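J.: If you want this note's numbering, it's the 1-based position in the sequence shown plus 2.
Rather than coming from a laboratory, the hints here were simulated on the basis of the structure. A couple of the hints might just be wrong.
Just the calculated beta-carbon pair ranges, DEER-fashion [stated by the list, open to error]:
(1) Gly114 with Gly80: 44 to 50 Å
(2) Gly114 with Arg143: 41 to 47 Å
(3) Leu121 with Gly80: 32 to 38 Å
Everything numeric in this text was worked out from a predicted model, so none of it was measured. Just so you know, even glycine gets a beta-carbon here, dropped at the ideal spot from N, CA and C.
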Amino acid sequence: MWRNNSFVSRGGIWVLAQVPLMLLAFIVPIRFGAGQIIPLHPLAWLGALVTVAGGALIIWGFVSLGDALTPFPRPLDGVTLHRQGAFRLMRHPIYTGVILASLGWTLWWLCGIGMLPVLALAIFFDRKAAYEENWLREKYRDYGDYARRVKKFIPGVY
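Could you build all of it, start to finish, from the sequences and the hints given here?
T.: What follows is the structure, given as C-alpha coordinates:
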(Lines of atoms letter the chains of each structure in order from A and count residues from 1; the text may use other names and numbers.)
(Lines give C-alpha, C1' and ligand atoms only; values in the text may rest on other atoms or scores of the structure.)
Protein backbone atom coordinates (compact mmCIF):
# COMPACT_ATOMS: atom_id res chain seq x y z
CA MET A 1 0.00 0.00 0.00
CA TRP A 2 1.44 3.39 -0.97
CA ARG A 3 1.77 5.81 1.93
CA ASN A 4 1.20 8.96 -0.06
CA ASN A 5 -1.45 9.02 -2.78
CA SER A 6 -1.03 12.63 -3.92
CA PHE A 7 -0.94 13.74 -7.55
CA VAL A 8 2.81 14.35 -7.39
CA SER A 9 3.67 11.11 -5.58
CA ARG A 10 1.81 9.09 -8.24
CA GLY A 11 3.92 10.72 -10.97
CA GLY A 12 1.42 13.40 -11.96
CA ILE A 13 4.17 15.78 -13.09
CA TRP A 14 5.09 13.26 -15.80
CA VAL A 15 1.46 13.18 -16.94
CA LEU A 16 1.29 16.97 -17.11
CA ALA A 17 4.61 17.23 -18.95
CA GLN A 18 3.54 14.86 -21.71
CA VAL A 19 0.49 16.96 -22.66
CA PRO A 20 2.37 19.87 -24.29
CA LEU A 21 4.74 17.47 -26.05
CA MET A 22 1.83 15.51 -27.50
CA LEU A 23 0.13 18.76 -28.55
CA LEU A 24 3.30 19.90 -30.31
CA ALA A 25 3.55 16.57 -32.11
CA PHE A 26 -0.02 17.10 -33.32
CA ILE A 27 0.10 20.81 -34.17
CA VAL A 28 3.59 21.28 -35.69
CA PRO A 29 2.97 18.96 -38.68
CA ILE A 30 -0.35 20.64 -39.48
CA ARG A 31 1.15 24.12 -39.19
CA PHE A 32 4.46 23.51 -40.99
CA GLY A 33 3.85 20.44 -43.15
CA ALA A 34 3.17 20.35 -46.88
CA GLY A 35 0.52 17.63 -46.64
CA GLN A 36 -3.19 17.71 -46.11
CA ILE A 37 -5.87 15.75 -44.26
CA ILE A 38 -6.56 13.56 -47.30
CA PRO A 39 -3.18 11.94 -48.05
CA LEU A 40 -2.19 12.21 -51.71
CA HIS A 41 1.57 11.62 -51.64
CA PRO A 42 2.80 8.00 -51.12
CA LEU A 43 4.72 9.09 -48.01
CA ALA A 44 1.54 10.67 -46.67
CA TRP A 45 -0.32 7.38 -47.23
CA LEU A 46 2.43 5.53 -45.36
CA GLY A 47 2.12 8.11 -42.58
CA ALA A 48 -1.64 7.56 -42.39
CA LEU A 49 -1.08 3.80 -42.05
CA VAL A 50 1.58 4.30 -39.34
CA THR A 51 -0.75 6.69 -37.50
CA VAL A 52 -3.54 4.12 -37.54
CA ALA A 53 -1.13 1.38 -36.41
CA GLY A 54 0.01 3.58 -33.52
CA GLY A 55 -3.60 4.25 -32.54
CA ALA A 56 -4.38 0.53 -32.67
CA LEU A 57 -1.38 -0.20 -30.43
CA ILE A 58 -2.58 2.42 -27.93
CA ILE A 59 -6.04 0.81 -27.83
CA TRP A 60 -4.55 -2.69 -27.52
CA GLY A 61 -2.40 -1.46 -24.63
CA PHE A 62 -5.45 0.04 -22.88
CA VAL A 63 -7.43 -3.17 -23.30
CA SER A 64 -4.47 -5.33 -22.22
CA LEU A 65 -4.08 -3.34 -18.99
CA GLY A 66 -7.73 -3.66 -18.03
CA ASP A 67 -8.27 -2.72 -14.38
CA ALA A 68 -4.60 -1.75 -14.00
CA LEU A 69 -4.99 1.20 -16.41
CA THR A 70 -3.95 4.53 -14.91
CA PRO A 71 -2.54 7.70 -16.46
CA PHE A 72 0.06 7.82 -13.70
CA PRO A 73 3.44 6.06 -13.82
CA ARG A 74 2.99 4.62 -10.32
CA PRO A 75 1.08 1.31 -10.54
CA LEU A 76 -2.27 1.01 -8.79
CA ASP A 77 -2.62 -0.85 -5.52
CA GLY A 78 -4.24 -4.25 -5.65
CA VAL A 79 -3.51 -5.10 -9.29
CA THR A 80 -1.22 -7.76 -10.67
CA LEU A 81 1.59 -7.32 -13.17
CA HIS A 82 0.11 -7.48 -16.66
CA ARG A 83 2.12 -9.54 -19.15
CA GLN A 84 -0.64 -10.51 -21.55
CA GLY A 85 -1.91 -8.94 -24.77
CA ALA A 86 0.32 -6.15 -26.02
CA PHE A 87 2.52 -6.56 -22.93
CA ARG A 88 3.75 -9.92 -24.25
CA LEU A 89 5.54 -8.02 -27.04
CA MET A 90 6.72 -4.84 -25.29
CA ARG A 91 6.71 -3.39 -21.78
CA HIS A 92 5.24 -0.02 -22.78
CA PRO A 93 2.86 -0.47 -25.73
CA ILE A 94 0.85 2.68 -25.00
CA TYR A 95 3.96 4.89 -25.04
CA THR A 96 5.14 3.07 -28.17
CA GLY A 97 1.77 3.66 -29.79
CA VAL A 98 1.88 7.40 -29.05
CA ILE A 99 5.38 7.67 -30.52
CA LEU A 100 4.37 5.62 -33.56
CA ALA A 101 1.18 7.63 -34.12
CA SER A 102 3.16 10.88 -33.82
CA LEU A 103 5.73 9.65 -36.33
CA GLY A 104 2.94 8.64 -38.70
CA TRP A 105 1.20 12.00 -38.27
CA THR A 106 4.43 13.81 -39.16
CA LEU A 107 4.85 11.67 -42.29
CA TRP A 108 1.18 12.12 -43.16
CA TRP A 109 1.65 15.89 -43.17
CA LEU A 110 5.03 15.67 -44.96
CA CYS A 111 6.66 17.70 -42.22
CA GLY A 112 10.41 17.35 -41.66
CA ILE A 113 10.44 19.77 -38.70
CA GLY A 114 7.68 17.65 -37.17
CA MET A 115 10.32 15.03 -36.44
CA LEU A 116 11.60 17.23 -33.59
CA PRO A 117 8.49 16.80 -31.40
CA VAL A 118 8.47 13.09 -32.30
CA LEU A 119 12.07 12.79 -31.12
CA ALA A 120 11.23 14.78 -27.97
CA LEU A 121 8.30 12.42 -27.28
CA ALA A 122 10.49 9.35 -27.79
CA ILE A 123 13.10 10.66 -25.34
CA PHE A 124 10.41 11.77 -22.89
CA PHE A 125 8.61 8.40 -22.90
CA ASP A 126 11.92 6.54 -22.58
CA ARG A 127 12.68 8.53 -19.43
CA LYS A 128 9.11 8.26 -18.10
CA ALA A 129 9.22 4.49 -18.66
CA ALA A 130 12.53 4.23 -16.75
CA TYR A 131 11.00 6.20 -13.87
CA GLU A 132 7.87 4.01 -13.94
CA GLU A 133 9.93 0.83 -13.99
CA ASN A 134 11.55 1.73 -10.68
CA TRP A 135 8.10 1.53 -9.10
CA LEU A 136 7.24 -1.63 -11.01
CA ARG A 137 10.42 -3.35 -9.78
CA GLU A 138 9.60 -2.25 -6.23
CA LYS A 139 6.02 -3.53 -6.40
CA TYR A 140 6.47 -6.76 -8.41
CA ARG A 141 9.42 -8.94 -7.47
CA ASP A 142 9.27 -10.76 -10.84
CA TYR A 143 9.37 -7.52 -12.88
CA GLY A 144 13.14 -7.84 -13.40
CA ASP A 145 12.70 -11.24 -15.09
CA TYR A 146 9.90 -9.84 -17.26
CA ALA A 147 12.04 -6.82 -18.22
CA ARG A 148 14.93 -9.11 -19.24
CA ARG A 149 12.63 -11.14 -21.52
CA VAL A 150 10.48 -8.37 -23.03
CA LYS A 151 11.95 -5.23 -24.64
CA LYS A 152 10.78 -1.76 -23.64
CA PHE A 153 9.43 -0.36 -26.93
CA ILE A 154 10.49 -2.36 -29.99
CA PRO A 155 10.07 -6.16 -29.79
CA GLY A 156 13.43 -7.89 -29.94
CA VAL A 157 15.33 -4.60 -30.31
CA TYR A 158 14.82 -1.99 -27.56
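J.: Any hints from earlier that this structure breaks? Give me their numbers in increasing order, please.
T.: Failing hints: none at all.
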